[in-house]
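Single-letter residue listing:
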Amino acid sequence: MFNVEAKAETFRSVFSVLTPIAGEIKLAADDNGWKIRAVDPAHVAMVDLELESSAFEKYDVEPMELGLNVERLLESIKSARGDELVTMKLDDDNRLVISMSNLTLKIPLVDPSGFSEPKVPSLNLPINLKLNSAELQKGLKISASISDYLTFECSEDKLIMTSSEDLSMMTLELKKGQEYELVEFEKPSKSSFSLDYFSHLMKGVGANRDIQLHLGNSYPLKLVFDFAEEKGHAIYLLAPRIESS
Amino acid sequence: MGMKGEGGVDLPEGMDGRVKEALDMWGIKSLYPPQKDSFPAIAEGKNLVVCVPTAAGKSLIAYSAIINKVVKKGKKALYIVPLRALASEKFEELKQLNRLGIKVALSYGDFDDDDRYLERFDVVVATSEKADSLLRHRTRWLSDLSVIVADEVHLLNDKGRGPTLEVILTRFKQLNPKAQMICLSATVKNSADIAGWLGAELIESDFRPVKLSEGVLYGGSVRTSDGKERALTADTGDPVTDAVLDVVLHSDDGKGQALVFVYTRRNAEAAAVNMSKVLGSRLSGADTARLTEVVDGLGGSDSRIGKRLKQAVSGGAAFHHAGLSNEHRKLIEVAFKERRIKVLFATPTLAAGINLPARRVIVRDWKRFEQFNPQAPIPVLEVKQMFGRAGRPRFDTEGQSYIYARNEEEVDLLMERYIWGEAEEIYSKLGSFPALRMHILSSFATNYVRDMDELWEFIRSTFFAYQNDTWKITTDVEDVISFLEEEEFIKVDGDKVEATDFGKRVARLYIDPLSAVILRKALLSEPKKLTTFSILQAACYTPDIHKMFVRRKEYEKILEEIYSREDELLMDIPTEKADYDFFLASVKSAIFLLEWIGDGELGMEANEERLEKLFNVGPGDIRSKVETAKWILYSMRELARLFNSPMAKAVDLVALRVEHGIKRELLELIGVKGVGRVRARRLFDAGIKGPDDIRSSTVQRLSSVHGIGRVLALAIKNEVLGPEGEILEEDEPGEEEVGTGQSRLGDFS
Numbered sequence: 148m149f150n151v152e153a154k155a156e157t158f159r160s161v162f163s164v165l166t167p168i169a170g171e172i173k174l175a176a177d178d179n180g181w182k183i184r185a186v187d188p189a190h191v192a193m194v195d196l197e198l199e200s201s202a203f204e205k206y207d208v209e210p211m212e213l214g215l216n217v218e219r220l221l222e223s224i225k226s227a228r229g230d231e232l233v234t235m236k237l238d239d240d241n242r243l244v245i246s247m248s249n250l251t252l253k254i255p256l257v258d259p260s261g262f263s264e265p266k267v268p269s270l271n272l273p274i275n276l277k278l279n280s281a282e283l284q285k286g287l288k289i290s291a292s293i294s295d296y297l298t299f300e301c302s303e304d305k306l307i308m309t310s311s312e313d314l315s316m317m318t319l320e321l322k323k324g325q326e327y328e329l330v331e332f333e334k335p336s337k338s339s340f341s342l343d344y345f346s347h348l349m350k351g352v353g354a355n356r357d358i359q360l361h362l363g364n365s366y367p368l369k370l371v372f373d374f375a376e377e378k379g380h381a382i383y384l385l386a387p388r389i390e391s392s
Numbered sequence: 023m024g025m026k027g028e029g030g031v032d033l034p035e036g037m038d039g040r041v042k043e044a045l046d047m048w049g050i051k052s053l054y055p056p057q058k059d060s061f062p063a064i065a066e067g068k069n070l071v072v073c074v075p076t077a078a079g080k081s082l083i084a085y086s087a088i089i090n091k092v093v094k095k096g097k098k099a100l101y102i103v104p105l106r107a108l109a110s111e112k113f114e115e116l117k118q119l120n121r122l123g124i125k126v127a128l129s130y131g132d133f134d135d136d137d138r139y140l141e142r143f144d145v146v147v148a149t150s151e152k153a154d155s156l157l158r159h160r161t162r163w164l165s166d167l168s169v170i171v172a173d174e175v176h177l178l179n180d181k182g183r184g185p186t187l188e189v190i191l192t193r194f195k196q197l198n199p200k201a202q203m204i205c206l207s208a209t210v211k212n213s214a215d216i217a218g219w220l221g222a223e224l225i226e227s228d229f230r231p232v233k234l235s236e237g238v239l240y241g242g243s244v245r246t247s248d249g250k251e252r253a254l255t256a257d258t259g260d261p262v263t264d265a266v267l268d269v270v271l272h273s274d275d276g277k278g279q280a281l282v283f284v285y286t287r288r289n290a291e292a293a294a295v296n297m298s299k300v301l302g303s304r305l306s307g308a309d310t311a312r313l314t315e316v317v318d319g320l321g322g323s324d325s326r327i328g329k330r331l332k333q334a335v336s337g338g339a340a341f342h343h344a345g346l347s348n349e350h351r352k353l354i355e356v357a358f359k360e361r362r363i364k365v366l367f368a369t370p371t372l373a374a375g376i377n378l379p380a381r382r383v384i385v386r387d388w389k390r391f392e393q394f395n396p397q398a399p400i401p402v403l404e405v406k407q408m409f410g411r412a413g414r415p416r417f418d419t420e421g422q423s424y425i426y427a428r429n430e431e432e433v434d435l436l437m438e439r440y441i442w443g444e445a446e447e448i449y450s451k452l453g454s455f456p457a458l459r460m461h462i463l464s465s466f467a468t469n470y471v472r473d474m475d476e477l478w479e480f481i482r483s484t485f486f487a488y489q490n491d492t493w494k495i496t497t498d499v500e501d502v503i504s505f506l507e508e509e510e511f512i513k514v515d516g517d518k519v520e521a522t523d524f525g526k527r528v529a530r531l532y533i534d535p536l537s538a539v540i541l542r543k544a545l546l547s548e549p550k551k552l553t554t555f556s557i558l559q560a561a562c563y564t565p566d567i568h569k570m571f572v573r574r575k576e577y578e579k580i581l582e583e584i585y586s587r588e589d590e591l592l593m594d595i596p597t598e599k600a601d602y603d604f605f606l607a608s609v610k611s612a613i614f615l616l617e618w619i620g621d622g623e624l625g626m627e628a629n630e631e632r633l634e635k636l637f638n639v640g641p642g643d644i645r646s647k648v649e650t651a652k653w654i655l656y657s658m659r660e661l662a663r664l665f666n667s668p669m670a671k672a673v674d675l676v677a678l679r680v681e682h683g684i685k686r687e688l689l690e691l692i693g694v695k696g697v698g699r700v701r702a703r704r705l706f707d708a709g710i711k712g713p714d715d716i717r718s719s720t721v722q723r724l725s726s727v728h729g730i731g732r733v734l735a736l737a738i739k740n741e742v743l744g745p746e747g748e749i750l751e752e753d754e755p756g757e758e759e760v761g762t763g764q765s766r767l768g769d770f771s
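Protein chains in written order, with the numbering used here: chain A, 148 to 392; chain B, 23 to 771.
The shape of chain B in the complex, shown without the other chains:
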């Protein structure tokens, strides 16, 4: 292989010619070494584990494998990613394959659905949860898969997402042994374990298309891995600020950008605002003008986060964390890619997420709070992931990654651990009780496993079993089985195991079996008074809902809430400390949702600003909390039906209200397209309480409602009138406005 005379790529024997077409389409004239090394294995249809640094062209390896198989055999490919944001990013890239006649679909979201429509596509990009849910629904086209790609496969090591990824890969290995599996991973010490587990060829390389210079930042200088020390050009007294100014203001081409990783959101925000004060005054007029456009684009947000973001951006800095609204996050990402924003302060989630490289990466915080160690150092694997974001291909000749030492002693320590050191080994996290409970139930419920032998056979095929002796979890598995049997998820008959209707439904709802036990208990209880709070509290008590941290000063208020609402509780108040804390947290979450749907102290739907103030949550958090609550309430309703609970209707109503964030009185309005919770409230307060009122109101009256312009007023009205009654011109009068005999000005010109 190698470059052809005219600058094309030579494909190995057996590889489909369309791969070349795609490479040409992407303008790729030569392959990176790890890509070259991978191609023969792809052509032979072997499984592959690719362990290379970020930006070394991993995705292209996967794409080539997909094109090769999908085009040739008319079969399908599944591309599994850990996060939604990544799914969208991959989808955008893969969509270009449409030109080769390959149809690509994106699938995430609703877990209780088999998405039959996906059958029509050749490539499906999905999050691992969605892939698991598709497996649980025994979606038919899964057996047509000829390529399965797992991106960021080192996340097998992740307590939260690891077990799901592990289970789906194991399942595919059993179901579809002929499908080619391509696993992409960051560099880890024991990559051979992953390859060994999957029977895959291992491609390992430290190749990077853009050179990476790593070092420790201390005082006014940087010590790099080659032993050199370079003084920074800026001197504000704060080394991190200096290192940012150094690359942003004093690089030769004037195009340097920095990405700074800090541990908490608050830190990210504060650092960005502070940086903007230092940086803003040193930017050129043109830069400032380009930033003003970004600030304008951020719009009139009332939230604290929105205000701080605008403040920071006006001075060339920004922050990026999960509390941002989607809209703001995207704007920030684009503005950073366009080099308008010069420095971005991000929480570590960014390193695992979207592709947003910068010339210089600074890891400011390398310690974090963990349960048993409030000063736990961040794993090398994670720091390397952050480091890997340095250097923009095509723009930068070198990427620079620095980790910040706060004192002299730390310099050597950091150098040794993070610059010279190797990334840790990764371990299966499937051996935990909650993970086993969830996945063992789904194995039975979906009939992938029908008895204890088959269960053990499945367990023996997992990464866990590859790394451990299975006897280590024998007791755990037995405990899970008795838990599932006791709670009537499964029926055990000798060796044969069968899921009950309850068990099957729960597996498809994609909730933790323990959540289902709690919901069932709530649904079968007989409270003195059934209220919205009753339902919300029970839903929030399930382990699928992220706990809200209860501060000491909030204790009293929450206890008061509990005692004044004792008649409404569907669950017993637990006595054990851990459970009790969890109970308090569930009450807090319920109060949050009550505020959201207008049943809180305010008596009206709380806006973002109020929620932020009361609960310390950003717009992005509100969205994710509401989404999880919606999913659990949906599950609760489904279970209510299964058990013929008289609460079904009430749960349904609460679910709908939580989905939209409204009081009951707005339900009629919310059905109208273009009317969200805010507009519905304004219309309602203006006396327009439902579709009938919209029908009988003139466009002028509708548009006199604050926040509803003429264009929207017309759209809303037409939506209600339906196609027959459509008003085309916005200035055309409503029929009742002109009495008989009344002329119009237009009649006289």
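In isolation and in its complexed conformation, chain A is listed as follows:
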């Protein structure tokens, strides 16, 4: 049994968090809600997502695993208004039937056995900041015209984003207590990331969202945020670029 109903924007936010990482994912559903863990094919970025069953208007699910093509799903609810109710259920042919006001779609499932179980690396990151995604987005936009990677450098009282190539350079300085709140700080750290990957992840985070950014020294970054009216919880991990010396 798999029969759920939620606002279009709820589904949209879930799928938008996933699509930067993978086009197809394996969804584990049970009474408590949905759990999705996916890694991109190159194993550079990962998402670990949970959506509480209370995020749905109707939630009738027995424990199961489904393979979904989230890109198609996202596409299929594109036309719906944000508050429009969308139901998704399995039919006898093992297709996902998506219905909204006057539209019904049937989409075949993906074989869930084809997915490997991604392992979440245990990371002990010395820095944890709280900030609005808009602050990062600003730096991201500008650096895109400069280089294809971005460096975070964090000291006790500021976070500096830099991007440089040849003679061009960008520096964006964020101050503690102004643009971000410091939650944890052990030691100064510096890591670089692929702009391509990072901007994809930021698209998944969305504009104007409160996030926690964990950083380390030449170590992966971790983005933690809630979505879907705080009923959804997501973690992104992104592996750094290691400068060859």
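Read the hints as simulated data drawn from the structure, not as lab findings.
What you were told as hints is all true, and nothing was included just to trick you.
Derived pair list, reagent style DMTMM-like, types lysine to aspartate or glutamate, alpha-carbon separation capped at 20 Å:
| no. | chain 1 | residue 1 | chain 2 | residue 2 |
| --- | --- | --- | --- | --- |
| 1 | A | LYS277 | A | GLU376 |
| 2 | B | LYS518 | B | GLU500 |
| 3 | A | LYS236 | B | ASP318 |
| 4 | B | LYS329 | A | ASP240 |
| 5 | A | LYS253 | B | GLU631 |
Following the hints, complete the assembly by docking chain B onto the known chain A.
Leaving out everything else, chain B in the frame of chain A:
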């Protein structure tokens, strides 16, 4: 003979001991009477005609003869069956002889091949067409045959398949007079004719291991042959439904099943769907759950037939006809054998085909449309074949076969004709012009016959000649000879006759000489414009292609097609009515194939659903039509080469496209294993247009194409990369995905 003390079978003198081993292997402790009667003749190596009802153990007689000879003399056996489905069934059974060191092979399909590899096997199971084609290729091992089995030999009476069966048996009689011939037949009135023709001992019996009770179903009751009348336990108002519910729901052991024969496919489908509505609500929860599994197994089919099938199965009923896809047909057969499906509505083809017995058989329609009689009664022979499907050995103590009377008057008529009546006599159908044309050419082309004397000698050995005076066909034979000579299939020099290269090639291609004449004419024509349609229409105009029925309302559309494509036609538009209708039908078939290969109105490869809607064909029909077209197009290409026709290349391309059902642009993709017409189209539309694109795409990109999961994406990619470049782990990145300096998450755990 008889049962031994410890429950084994006593073999007659001269029979090889391995036969006993095989019987033990099959767990057979005693023989049925017809089997017992046959064994001495088998041991003596005599020819045998066995006329017994279905399920009376005919096959075992044949198997025993095979084991006896093949083991003893190290020689070979050929087992000839009329249908592919039967060939597979026999093959599955005979395969068990592997344990006795007897190697068994199955051969059907490609007719233009001598299948030399079959030499390595001891027993070959083949359809009669395949056996004929092996004879035409003068396949060497045929002379090693020591046993030839012909199953369902009463089909000598069949207009379509009869002549071929007759010709191969005649040929073997001449070529291999020492080989033992075992012919298995349903009960026919003149079985002595077959035995007489083949110089065989006749074993005739009405023995059945499961008792059969025959009767007429009328109103709410059944009148059986012993004069009794029994009221049915169900009362829905429809006698056929009642008779089904009676056995399915109200039998003592709760294991009753019914098989209902109806005349048309539509009827079979409608009846099954209706039955499921009545039956479904009366089934137990456990039954319903077992049916749900079957429905799930039928998968997500978009075709109308698939949908109806699922609807029917969910309520415990199903239908079975040639329009079903192979996959669905097999699932239905298995589910019926497993007693999940309670009632099966089948067209009469099932009676001649696979072994699918049920406790109760109901023949609902006993009239059918024939050319000169739209209400022709079905022959007794055929009804008896259907009746014979009643009673499952080991499961049922009695089989019940009922024929349905629609009114009071019919009751006596049906009782007399079908219950008391005897099966008709069978007659050779070799005397028709098309059959003679085909087989006389092959006789010359294969050098089995070299002059008119030898031809007549051959004709005199046929079943036709056994039943008729040969002068009856003297004129026909002469006409065939002049047709073949005129069309340059043969050269006649006094009494000597020799096949030309054309004649030889045509005989081996296994097409009707008239088809070859049409194809040759098309290949040597000079159209203003040569298109795919030109080639398809010519191919569809041959008599080997089954005609598609042109409805009145389609006339206009087809005429329009003809006039707008007049420049493309390779054939003249005939003026005579019959030929003209045939021409229209050929255009319709060509349009069907155009849709199939994406050159139709849609501009894209039509899916099953569209073809079904436009042409009223099921998935099984599509497959068989495509297969025949492929064979004719292959022949056309071979003839194009023979005549150095400039069309050879174009025909080749069309043949390839028809085989796969694709537009030309998909040809590169279709070569990749695992990529069929549907996936090729999706890949192409996603911008992946050939092996090079697959090579340069990541597995993720491939798997983002609808219908291609990760596992398949990886398989496709590896197929293109070849063994050197193989990617083993599906999550391993494509090399271009990670730039220098980029780490992976795995580096940090």
